[in-house]
Structure formats: C-alpha cells, structure tokens
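Starting from the two chains in their separate frames, assemble the complex, guided by the hints.
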Amino acid sequence: MQQIGIKAIDELYSDVPQKLRLKRKLNLPKAMSEQEVKKHVEALLSKNTSTRDMPTFLGAGCWPHYVPAAVDNIMQRSELLTSYTPYQPEISQGMLQALFEYQSMICELTAMDAANSSMYDWASALGEAVRMAVRVNNRTEAIVPKLIHPERLATLQTYVEPLKMHIRKAEYNRETGLINIENLKQLVSNKTAAVYIENPSYLGFIESQVNEIAEITHDRRALFIVGVDPTSLGILKPPGDYDADIAIGEGQPLGNHLNYGGPLLGLFACKGETELIRQMPGRVIGMTTTLKGDKTGFCMALQTREQHIRRERATSNICTNEALCAVASTVYLALLGPDGLRELGETIMTRSQYAMHKLNQMAGVKAPLFSSAHFKEFTVNFDKTGKKVHTIHEALLKQHKIHGGKDISKEFPELGQTSLYCITETHSRNEIDRLAKSLKAVLGRKR
Amino acid sequence: MKPLYRQAQWNEPVIFKLGGKGRRGCTLPTVDDDVGKLVGNVADTLPKSIRRSQRPRLPELSEVEVVRHFTRLSQMNYGVDSGFYPLGSCTMKYNPKINDLLAGATGLSELHPDQSEETVQGILEILYTLSQWLAEITGTDEVCLQPSAGAHGELLGALLMRACHKRNGDSDKRTELIVPDSAHGTNPASGTMAGFKIVVVPSNSNGTVDLKALKAAVSEKTAGLMLTNPNTLGIFEEDIAEIADIIHEAGGLLYYDGANLNAIMGKTRPGDMGYDVVHINIHKTFGTPHGGGGPGAGPIGVCKELAKFLPVPQIAYDTKRKRYHLDYNRPESVGKVRGFYGSVAVLLRAFAYILSMGAEGLEEAAEISVLNANYLVKKLSEIRGFELPYAKGRPRKHECVFSVKPMSKETGVRAADVAKRLLDYGLHSPTTYFPLVVEEALMIEPTESIEKEELDRFVEALRQISDEAYSDPNLVKNAPYNAAITRLDEVKASHPKTMALSWRMHQNRNVIKAAASKV
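In the order they appear, the protein sequences are chains A and B. Oh and the first sequence: position 333 is 382 in my numbering, straight run, nothing missing. Oh and the second sequence: position 487 is 583 in my numbering, straight run, nothing missing.
Some hints here could point you the wrong way.
If you want the footprint, here are the derived chain B segments under chain A, 3+ residues with CB under 8 Å [said to hold, decoys possible]:
| no. | stretch |
| --- | --- |
| 1 | 99-110 |
| 2 | 145-155 |
| 3 | 163-175 |
| 4 | 180-191 |
| 5 | 500-510 |
Negatives, chain B to chain A, calculated, CB over 12 Å [said to hold, decoys possible]:
| no. | residue |
| --- | --- |
| 6 | Glu238 |
| 7 | Ala313 |
| 8 | Glu316 |
| 9 | Lys404 |
| 10 | Gly454 |
| 11 | Arg480 |
| 12 | Pro491 |
| 13 | Asp520 |
| 14 | Gln560 |
| 15 | Tyr566 |
| 16 | Met601 |
I should point out that these hints are in silico values taken from the structure, not numbers from a laboratory. Where is the CB? At the ideal position from N, CA and C, for every residue including glycine.
So here's chain B without its partners, still in its complex pose (with noise of 0.2 Å):
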C-alpha cells in the first residue's frame, strides 16, 4: 500500500484578491419608476450620523469566479464522502442523500418561523413526532429541540439543574458539578458557563468513574455529575447504577453527554440507567451532515421533575382540536436559549434518517459500530508502537483509544505525526490527544458506515506508518506531503505579533511593517 492519495494543491488566492472593478455575481430586481418617484432617493432620508461614507471593501467577482473559486476551495477539503473519518467522538457516519434533499424542499425552506399555527401543522408534526421518538430512544420523558449543537444542549442542561436546585431553595448551596477527567472540554466549560465551579474526579484503571473518588468528591454541595456513557474511552461505565445512586442520594442530578449515543441505540437507555438530563448530538448519532463545523442540533430529554423547566416553546399537540401548536405557557421555563425553535433543518433529517432506520435499524448501526471499533482494538494492537491503555480485554463500544506513547518514546514520532501522515494515506485522522487521561492519544471511531475493506485498508495504512516510524522518522515528523498543504505554523496563526484574523488585519498589518521599514 502506498500513499497515493492526491489532494488539490489550487494556491487559490484569498478572494479579496480576485476579481476586477465593477464586476458582479447577482442582480436584483429594479424598482418600479413611479415607485421610485414617489419615494425619492432613500438615502437622503437617512440621518447623516448613520448613513454610510464608505462602500464595504468587498471583492467585486463575476458569477462563474465566485463558482470557481468556492468549487477550488471544495476540493482542498476532505468529508465523509471523500473518506474514511474515524475522527474519534465525533461520529462522522455517512450522511444519506436524501435527507439532504428533503431539507431542501420549500414546504421547510421557505417557512416563516411566525407563521399562523394553522399554517406550519406538517413542519410542527415533524418536529413533534422527532421529539417523541428521541424521548423513546433516550428513555427520557419529555424532549426539547431547541438547542443549536450538543454544547447548547449541555449548557441549558446545566441551567435546567441549576433551575431545579434553585426551586428547591438549593441553589446557592449547590454550587459543585462534578466532571471525571476523562470528560469532553464541553463538560466543564457549559458547567462553568451555568455559574457551577466544577470538581473533577480521576478515573480509575479501567478507565472508568472511581466510585470511591466520586464518594468522596460528593457532598450537599454537589448540584449534579456530567458523564458520558460509554465513557471517552469507549468504555461502558458499567457502575453507572450505582453511580446514580450516589449522585441522588447526594441530592444531585445526573447529566448524560450523549456525544457517545450511538453505540448503545436500542440496548440500553440512559433514562433507564438513571440520568436526569440528557442531550442528543443530532449531527453525530442521527446522520445528518456537520458542515465543516456546524451546523449542528443538541436536543435535550428530561425526566419528569424537571420538563416544567425546559425553554418557550415546547411543541405539543391539541387531541381535542386535533392540532399541533407552539406551548409558551409554561411559567417555570428558563426562558430561551436561542431564537425560535431550532435548526429545524438539521432536525428534519434526522427525522428522515429514522424513518428510514426504524427500531432495528437503529439497533444494528449500533452493533456495527461497536463491533467495527473492537475489530480495530484487535488489529491495531498488533502494531509496534500502538499500545491499548484501560480495561485490556474488555469490550470496547463504539470507540477505541490507543496510546502510541511507545513509539513516540522510541522513535520521536508523536501522535499528532501519525495523524498527519495518515492524510497522505487519502484517511482523515483520529481525534488525537483526547481524552486527557490518554499519553500520546488517537482516539478513533470508525462508524457503522464502513466496510472492512476499508477498515482493513485503514489498519494496513497505521501499520506501515508504524514501519515508516521506526525506519525513517523524518518521513512521519514531516508528513504531511499530499494534501493541499504541507505542516502549518499554528503558533504564528496565534501570536499577537503575527496574528490576522481579517483581511483587513492582515492589511492593517503589513501599512504598520512597511511604515516601519520606511523610518
């Protein structure tokens, strides 16, 4: 096997270097003479103290630059359809097509979020039969779709705890949320942002909660404990029984990151395993597409005691009247956490991929990925260098994370090397360097949606990265050679000296250094 994957190389300028003057991608409609006579030039209505001196200095394109230059820019970029994307946590499982074009329809596309009631019953249907389904997947009681992305999840969880607590009187005693170290940064960071100060608990050898360490971390300060189950480690926290006990007879609430769903669809439920909260990364478990970043969808499901708290509005239906409506009466709710009721676009996929995966469709995509996860744990652990730290010989779920910390001792070739000489391989590489508990961590997730040719391909690829380490360093330390540029200084994209985070700074910049170099 050689690396003989090819990305684009455009060197295709920043856009504000493209184009020419007067040139443009799009025309409007005019406005009708009369029109326009009888309101006059607007701009002369406008106050001076706020109309504008200055056009914008945007680019001035035609329409096929502006096609080219995004299609270029495309083609140095690598998505689940380009590949292979173990990236670990992240769940970058295949995205079906169709839900992409069911999104685009204008039965959803073209529908105005303050429209009459009457006019939205299909939009609000979708929306309220996904939330019932989503209680049914997480063994929870009611459903809110309102957050943007899993993190948005996370902190009105926080929040709806901290409401909780504050009904009981708690809340300024309970000011403690606890975290194990292996936990997603979102955990403590969504925590914090939720006015909690958070108490972090080691893990044990196994890799999992220290029942002790969380015994004693416990206390009538305690407002609730984030974990994610399967852990970060790909491990099943298999005391979570007790652990919950624990949490509630401290008279906290238990929060289930559900970043890790995927791999227990159909099996077990974390409201059955005994968590209060839990959010939903859409974007991740239900297939719908991450865009380069976003966006996303972070439902949240919720035992009983606290759906009283969740945001305005909740979508419910009227069996009397036979009608879906918008519920904003709910005098305990936190408020709001975003405008309107989603991303309703995202949510409509995820629809569509349930219909299409029903009950055992779920449950296999479950199977499969834990199943392809351990079939790696086998084989890379056969790779010198690679070792599996935690719980050797115990299932994994839908992930594994191996340390490649004797490589790197024996040869100098680190993680974050392996990673990027598995790009000229044409793979995307794990999430590397998480979960903090792991020394020289590639954290990987290969999905259900993979065949073993590929997972063979992918083992074969760290395999001869492994030789390629201990052969020639070099190689790996300065890979990569194949993608649409080679090892960038991230430490220059930073440094206050250095730093453009515009266009406009980065011109702003060199007037300083060319002023400077003048005197």
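The following block holds chain A by itself, in its conformation from the complex (with noise of 0.2 Å):
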C-alpha cells in the first residue's frame, strides 16, 4: 500500500460511485476452518443414498462404469489438473499431447477422421452438431427418431432455436423400436439439413438399419449425425462405416464418475472433409513441430474458427470444455485397449441380456418391449401387472434397498407403464437376481 500511495485498501475502489457500494457485509454465514468444512459437507452428503449403498438401475445418459484407480490417480496430477487452457503449448505440451491422443483414440473408436477436445456433454454436442449441418448446407429441418432422449432433445430444441429451425420426429416401428424406413424416407427433404440417430438408442435397443438410413440422408445431400454411447464401440459397428458425416455421443462412461450427472464429456467427430473440419465447433489440437523442425509437438489448430479470434464469426462459443474429463477417457481406453473394450461390450450385452431374461419370466412383465437386441438399457413394461412403475419402483427402494430404472411412462405415454433398466459391468449376476426375486415379492403383493 505504501509503494502505491494509499492509506487504505478502499481507496482503490474510490470509482465505485457511493450509490452503488455495499453497505452491508454479503449475507453469508461466518467463515469455517478446514475441518469444520470437511464435517460439514460430509455430514450433508451423508444424507444422500448413492449406488453403492443400494444396487441401482438407472442409467439414460449418465452410466455407472467402474473407473480404475490409476485413472482417479492420474486426475490427481495437479499439473494437469490446475492449469487453463494450453494457450501457451511450449509449457503445455502435457495436456496437449493427452488432448491429442483424446481425440486420436476417439477418431478411432468412431471410425471418423478428426475430432475435437470435447463438448459440455452429449445432449450440448447434439445441438452443435445440428447447427454445424446448417453452417455447411445452410437447411432449416433436422429429423430425429421420435424415441429419442428428451433432454437431448429439449437441449437441441434450445440450440437451434435462434435459427428458426423445424425438429422433425421420424416414427418407429412398434415391432422392434427401430426407425420406420417409409416415414424417413417422406420426412427427408432438400430442406433437410441433418438426420439423426441414436446408437444404441435411448430405451437400449440397436439401430439396425444404419445403411438404408444413411444412403436415405445422403440422397438428399444431408449430413447423417450419430449420437453414440461409447462403451459399445468395442461391439458395434462404429459411425464412420456406415458413412455417417458426424459422430457425438457421452463420454463419461468412459472413466468418469456420475457425480450426480456432471461433469459429463461431449464426443464430437467429423470425416475429414475440409469443409467438414473448417465448421467444427469447439477447441481442436493438432500435431505440429517446433519452428526449427527437429521436434515433434502439440497446439491448438484451426483456432480462426474460434471465439477467441473469430468472435461473432465463430463456429462456436464454447471455451471452457471438458478437458480434463477427456484426459479421464483416454487413460481408461489405454487401460483397457482394443480387447478390454470388446470384453466390456461383451460383458454388459450378456449381462444385460441375462437381466431381461430374468425379468421377462415374471407374470405379467415384458422385458423389454422390442424385439430388436438390446447393448446395456432395456424397457421394462408392467403394464399387465396392474400396478404403476412408480409404485413398483416405490415399494423396491423402501421395502427391497434396490433403486429400479428410470420410469419413463410420462416421456412416453404411448409405451404405458414402462420403466427404462440400465446394466453394466458394474452390476454382479447377485445383484440381478437379487432384483428379480424382489421385484417378484413387489409384483406379488395384492397392494
């Protein structure tokens, strides 16, 4: 204060004018030292019941994938963990080349050639991803199955509003839950600008369809967006063979805790088309080298697309992503590798599979509603039972300890009371029977 020449700390806010000064303390309560903090913020999360205090079988967006220890210990490097943005790369390579590797490994999971270093979460990627099909063929539709997740597609429908865009639902066939080709085929235009699908979809089941739907997109000339979830890519078919233009879909399964539904980790991929690229939204890191040539490194790339530079001529105006839950995925996908990937995918279709057989015996429940096979999420319909999911779900958590799925009855009424059932590696063949012989005791009372 001395070397600046002032006698008091307020005189450094002498062009606040009076009036608009505070002149009262902020209503908050009394500072705590660190153990009364701890005490506090425990006993408050003491109060909640997590998964691992009862068997929980809920998943729509948000998957519970056990995460190894070697990634919670990596996210712990503080030199990753508190530093920004790389807009230095010669101190940053740390982060930058974990960011490049990030995208490489999601490239290669998707089957896409460039991808960028995340998005807030699917639902947000989803709404980019629309707006970056009209950038390129500067259309007003997009198509989207009508089973598709709501949030995803309240979160698109807040996206493109300002684009005074047309969301389109494309039927699905009450059979197997898949898209109804004809529909899709009358709803596609020149005004299309994108379709979009889910894989596997919001209620479990897999789009099967995939290259009648992209030669349907492509016919007339729109971009094909695939949303997908990526723990199943060990298994299934990724985007980029069967021609989609896009790829998004949740990365926090991928190393990731559920954290009461974020952080989350947005996957965005595009081919290779520079036109493709040049629209990107969001940071991208690219492999250079150093001026002199004798180096290989990492920066950012394409930053003109950017909000930084480009300002209200940016692709985007996301800056803060979710890079270090992009760094959690990609120390699990090395963890796990090319055949840890398929065993999981395995290990979850079979177990999954095991579940809806075992639900399915019961009287008066189908499990799951569509004949089409099912990756990890499956619809469980009670509606000949005579009860109420919400009942159901009621009587398990309070007479059982054992959280059901999600019940989706009043997202879509039109499935009656049906109940979305998520299963995982995480999720022990006892735990599955032990849901099976209590809802049997739930479904079994008169009341």
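What follows is the structure, given as structure tokens:
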C-alpha cells in the first residue's frame, strides 16, 4: 500500500459510485476452518444414498461403470488439474499431447478422421452438431428419431431455436423400435440439414438399419449425425463405417464418475473433408513440429474458427470445455485397449441379456418391449401387472433397498407403464438375481 | 535473477507408439459360466449390419506403462500448483485441496442424477444453498446452476433475453445486441448463437464505454448490452448506472459477464448496478481447478422478470414438506441447455470454498486481488518499453493491461516474445493480444493468492526481459529455452496440407506421402 501510495485498500474502490456500494456485509455463513468445512460437507453428503449403498439400475445418459484407480490417480496430477486452457503450448505440452491422444482415440472408436477436444455433454454436442450441419448446407430442418432422449431433444430445441429450425420426428416400428424407414423417406427432403439417430437408442435397442438410413440421408445431400455410447464401440460398428458425417456421444462412461450428472463429456468427431472440419465447433489440438523442425509437438489448431479470434463469426461460443474428463477417458481407453473394450461390450451385453431373461419370466412383465437386440439398457413394461411403475419402484426402494430403473411412463405415454433399466459390468449376477427376486415379491403383493 | 526454470523434456512418444500386442492395463469381472451358457454368444445376436468387424486401433499397454506415460505428460505441464499464473481474465487463483477431496466422496461421485429425490436430499440441499449464496453475492433474484461454463451461461443469458423480448412480442424487432470493443470474444459469439446481430461500441479515452456512442447505438432494435465490470482493462465502468438507464430506457436488457467478478465481491453487486442477467465463472471466482480447459461451471443469476424463463429443472425447497426437489413445472422455461442439472462436482467445490471464506473472506480476496494488480501497475510502469494505456492514475481492479508497443518499435521484441521468455523464468505468461483495443497487450491478473515476494520476482523477471530485449533481442525472440519444447509451428498445425488432428489423420497423410514419393 505504501508503494502505491494509499492508506486504505478502499481507496482502490474510489471509482465505484457510493450509491452502488454494498453498505453491509454479504449475508453468508461465517467462515469455517478446513476441518469444519469437511465435517459440514460430509454430513450433508451422508444424507444421500448413493449407488454404492443400494443396487441401482439407472442409466439414461449417465452410466455407472467402474473407474480404475489409475484413472483417478492421474486425475489428481495437479500440473494437469490446476492448469488453464493451453494458450502457451511450450509449457503445456502434457495437456496438449493428452488431448491429441484423446481426439485420436475417439477417432479410432468412431472411425472418424477428426475430433475436437470435447463438448459439455452429449445433449449440447447434438445442439452443436445440428448447428454445424446448418453452417455446411444452410438448410432449415433436422430429423430425429421419435424415441430420442427427451433431455437431448429439449437441449437441441434450445440450441436451434434462434435459427428458427423445424425439428421433425421419425416414427418407429412398434414391433422393433427401429426407425420406420418409409416414414423417414417421406420426411427427408431438400430442406433437411441433418438426420440424427442414436445408437444404441435411448431405450437401449440397437438401430441396425444404418446403411439404409445413411443412403436415404445422403440421397438428399443431408448430413448424417450419429450419437453413440462409446462403451458399445468395442462390438458395435462405428458410425464412420456406415458413412456418418458427424459422430457425437457421451464420454462419461469412459472413466468418469456419475457425479450426480455432471461434469459429463461431449464427444464430437467428423469426417476428414475440409468443409466439415472448418465448421467444427470447439477446441481442436493438432500435431505439428517446432519452428526449427527438430521435434514433434502439439498446439491448438484451427483457432480462427474460435470465439477468441473470430468473435461473432466463430463456429461456436464454446471456450471452457471438459478437458480433464477427456484426459480421464484417454487414460481409461489406454488401460482397456482394444480387447478390453470388446470384452467390456460383451460383458455388458451378456449381463443385460441375462437380466432381461430373468425379468421377462415374471408374470405380467415384458422385458424388453421391442424385439431388436439391446446393448446395456432395456425397457421393462408392467402394464399387465396392473401396477404403476412409480408404485413398484417405491416399494422396491422402501422394502428392498433397490433403486429401479428410470420411469419413462410420462416421457412416452404410448409405451404404457414402462421403465428403462440399465445393466453394466458393475452389476453382479447376485444383484440382478436380487432385483428379480425383489420385483417378484413386490409384484406378488395385492396392493 | 537467472532464468533457471527447467521443465521436464521427456520426448514422450504418442501413446499409439507405446506398448505391445496383447498387453492390458485393466481386467474386467468375468461372466458366470451358466449365465454365459444361458445367454450364448452375444455378438451372434447382433445383426451383421451393425457388428464391428475390425477392432479399434487403440494402443495396448500395461498399467505401469499407462501411468508412466501420463505422469511424464503431467510433468510437461504447468499449473497453478507449479507457480505464478497471471493469465488475465482467467483468475488463476489457488485451488484449495480440501475441495477436491470432498468432491471425490462417494456421496457425490456415485450419485445418479435420476435417483428418487428422497435419496439425494444432501446434494440438493448443497446445490440449493449454493444458488442462494450466488444470488446474494451477485445481487440477483434467482440463480440457475445448469450451464457448464461461462460461455454456456452467456448463451443461456442471451437466450433468456430473447425469450423475454419474444414474450413481449418484440423478438422480431429487437435483433441487435451491443458489445463494447473491449469485450471478451465469447460475448459476440454467444450473442450470435442466440440469433442476435452484434453491434460494437467503441471505448472512450478512459477505456470505458463511450456514452455518446452508446446512445447513438441504441434504438428500438436493441435487445441488450453485454458488459463486464470491471472491464477487460481492469477499469471499473463508473458510468454503469447511466449505462443501465440508457439500455433500459431503450427497452433493452443488461447482461453482466462475470469473468471479472473476483474484483468486486462484497463491494458492489451486478444486480445493484442495474444488471438483469449475470453469469458466474465458478472456475475463476470460486477457486475450482480449471483442468487444463475444463470442466468449469457457469451459473447465471437473473432478475425476477427473467426468472420464469430459466431452464428446467430448478432446484427448489418445499417449506411445508421440508424437502428439496427438482422443479420442472416452469411453463415459460427456455428448455434445457444440457443434460441433467449442471457440473455438480465443480459446484460442490465452490460450495466448500464459500464455506471456508465467508463474507469477509470473499471481500478480502477481492481487496487483495485489486491491491496486487495495482502494485503491478506501479512496478511495471517503471520498466523500459512498457506503457499503461488508458486512464493513467486511475486505480485498476483485479487486472491491468500493459502494452509493450514502445519495446516492440524500438527492439522488434513483441508481446508474444515477452510471454515466451517469461516461461524460462518459471512463470506463466499473461494473456497476450487481448483486449483488442490495446496493441501488443499483456493482460495481467495476479489474483489474491500470491505473496509479495513472488510478485516482486515477476516484476524482476519482466525487468530483465526488458533489458534482454534492448541488449539482445534475438534472445527473447527465440525463447523459450527451458520449457518442454521450443517454439512450435502453429501455421503447420492448421494448414490443410499438413494438419493432423488425430493419429489416424497423421498416418493417412504419411500413406499418401509414401505413395506419392513412389510414383
């Protein structure tokens, strides 16, 4: 204060008009010591019952998977954790290389050429993907499956509302759940900017008519956007192999905890055509060399698309993304490798099939509703039990300390009393058997 | 003082070059034999059209190889824990370790967002309370925690303005969003995404909004103004009350870019200044780690009039049933801007941070951050080749912007060179070439979490760099020497012929090159 010639710090606020000054203290609790903070927050968190405390069969966009200790350990490396966006590449090579490796692995999983270094989540990645399609072809409509995740649809609508776009929904086949191809043909036109599908779908079944959908889309020169759960890509065909132009998805299941739904990790990749890459949103890391040309290094690439350079003409406003979650996914995929990823997919699918088999045996229960192959989630319909999903789940929780799947009877009333169950490699056979036994007990009760 | 810093130089190969066939870093639980028998080979049940035929080309490594690789990479990275990080507008303050520890608790990390409300009362209470505190700190009526980052909050804020004008039947008319020329790049980018045309108003000689220009810019087309305060020059917009009047009288709304909130906590509040929408960069002001680019969190606070347009769900408290719940019943909501409720693990850290600081701690943080910035103003003004543009003699707030234009003219050493040379001293560089209204800009934000000795070390390093520039400019122009790598060819990274945005792209390029050379 002496050096800058002031007697009180308040002099530095002399230019804040008196009438705008806060003339009282902020109304906040008194400062706590570290141990008090710990005790207080832990006490609040202990009011929660987590998925560790009860078998839980929820997925729907945020999936329980085992996070290897090595992933959590690398996440604590404070040089990564406490760094900012790598604006000075020479001193940020670690983060830049890790993110380049992330982009590269996402490209391998999806069979795409280029990926960005993350979006906020799957839902916002969808909003950005459709906006990108509009930048590429300047059209006014997008087509999504009717059985899309409602939150993703809501986010998409918010993102494209300023563009005054029309979102059209493609009907599904009542038997299989798959897209009704005839209906899709009718919907796709020269106005269609993009056709979007989810694979596996929101309700867990696998969309197998991918080649037909790609053809119908490309016949009208629209872009084909595919949303994926990356844990399926050890066994499912990658979007690039069925001619998708943009692949998006949720990277959370790759080494990131549930965290009550956030942070998540939006995947975003596209084909290598220049006109697509130039329109990509978000930060992209590129491999280059030193100016001397003696070493390989990494830096942010194509920054002229981004807000800090291009301002109102930027492809997106995104700045802070989910970099550290992307690194977690990179570590996770490195630990699993190609065989691990395939095994993961097979284990999940085997266990979820086992669960479907067990539940479907129960009187009045249909699991799944649709006849297509399912990956890790599936619908369980209770119509013929005469009970509501809500009542069944409440009894499961209260009497059996089991948390059922997601009640989707309000999201899709036409599917009746239906719930969406999720089984991953974390659900042991015992837990699945316990679920079946408890459900039987709950359904057997008169009221 | 000598540039003695040495960052690790591992020459670590790209991970795809490491490992060996058949290696694994992680095993999975096996499926019981009878379950396997019952279900059969699941791959066979997949239609051929959707079966993966070739395995993804992921590397195959043991656990120790993976851990060493990423440990080495981390050693070639610089964070707040490594040293001084005066990146302007980014508020790189210390991230208290207790907050990370708490965010790792299974009571949060293993909580599913679709769990029934009765099983998540603890986290809902934390989020609800945090939103109340943020409303108090910003002087707003209701806070929404959903946006994932500051720019995401900006997009939502701009969409709320749009929704409000739409409600008034004005959305076709009110198409223009005003931003000052000193604004963050996200402001015009977010405004455009929300469907507005951007109108730029110039700064006056004090570096603040030119009221005459603003009056000339507003019209019945004006949807609003996006303005950070203190602004990106670190100068408080003292005419803010009049600015608010001009915008409101024109029928527009006033948006507060919260990137610079750290300077004024407890001193004045955006809501009291007349702002209608405010975003908060949790990873800046509330000390959560930035993770090399994210995750962050960007809650927004709004006045009563805009609250009904907030996304769903809002976290609410039912005083009768004494229960927290997710409120989806908001018919005029703009919808959603992402899945679920926000970056909860980041928000929990902010909750713990505010608990540790209290009202007085937050105010003190603001004061010290401002004191530190003004100390740098004084000290750096004495350095040859540095000048402080705009409003000399006026106090800065949390940051200050210097221009090295004189040095650049006299020696050819530019702001970027100074930034690179700082790395050799083990100090992160300030933000360069921003705000755009300053040529050869170095935008410096010391934050409150730095001791005076370290500030002096920073000043001393810049003084020496100035000496170097005037005696041996090439020394500075070729820096850094002590970082993991020397200067990179950023043009090559973005050129269509050399661009490699993935390992696959790089390899395909090599294949093409090899084929071409054979021909």
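- Item | Assertion that chain A covers the stretch 99-110 of chain B - criterion: three or more residues, beta-carbon distance below 8 Å | Our answer is that it holds, as 4 residues pass the Cβ test (under 8 Å) against chain A, meeting three.
- Per the coverage rule (Cβ-Cβ under 8 Å, at least three residues), is the stretch 180-191 of chain B covered by chain A? holds (count 5)
- Query: Does the no-contact call for Lys404 (chain B) survive, Cβ to all of chain A over 12 Å?
  - Reply: holds (15 Å)
- Query: Far enough from chain A: is every CB of that chain over 12 Å from the CB of Ala313 (chain B)?
  - Reply: holds (15 Å)
- Is the nearest CB of chain A more than 12 Å from the CB of Met601 (chain B)? violated (5 Å)
- Query: Since Tyr566 (chain B) was said not to touch the interface, does its Cβ keep a gap of more than 12 Å from each Cβ of chain A?
  - Reply: holds (23 Å)
- Query: Are all beta-carbon distances from Glu316 (chain B) to chain A longer than 12 Å?
  - Reply: Glu316 (chain B) clear of chain A: closest Cβ-Cβ about 20 Å, beyond 12 Å.
- Given that the stretch 145-155 of chain B was listed as covered by chain A, double-check it with a C-beta distance under 8 Å for 3 or more residues. holds (count 10)
- Report holds or violated for chain A covering the stretch 500-510 of chain B, Cβ cut-off 8 Å, minimum 3 residues. Coverage by chain A is violated for the stretch 500-510 of chain B (0 residues, Cβ < 8 Å).
- Task: Please settle this one: Arg480 (chain B) was flagged as non-interface, so is its CB more than 12 Å from every CB on chain A?
- Result: Arg480 (chain B) is indeed farther than 12 Å from all Cβ atoms of chain A, at 19 Å.
- Task: Find the nearest Cβ of chain A to the Cβ of Gln560 (chain B) and say whether that gap is larger than 12 Å.
- Result: Nearest chain A Cβ is 18 Å from Gln560 (chain B), so the label holds.
- Was Pro491 (chain B) rightly flagged as not at the interface, with every chain A Cβ beyond 12 Å? Not fine: 4 Å to the nearest Cβ puts Pro491 (chain B) too close to chain A.
Of the numbered hints given earlier, the model fails hints 5, 10, 12, 13 and 16; all others are met.
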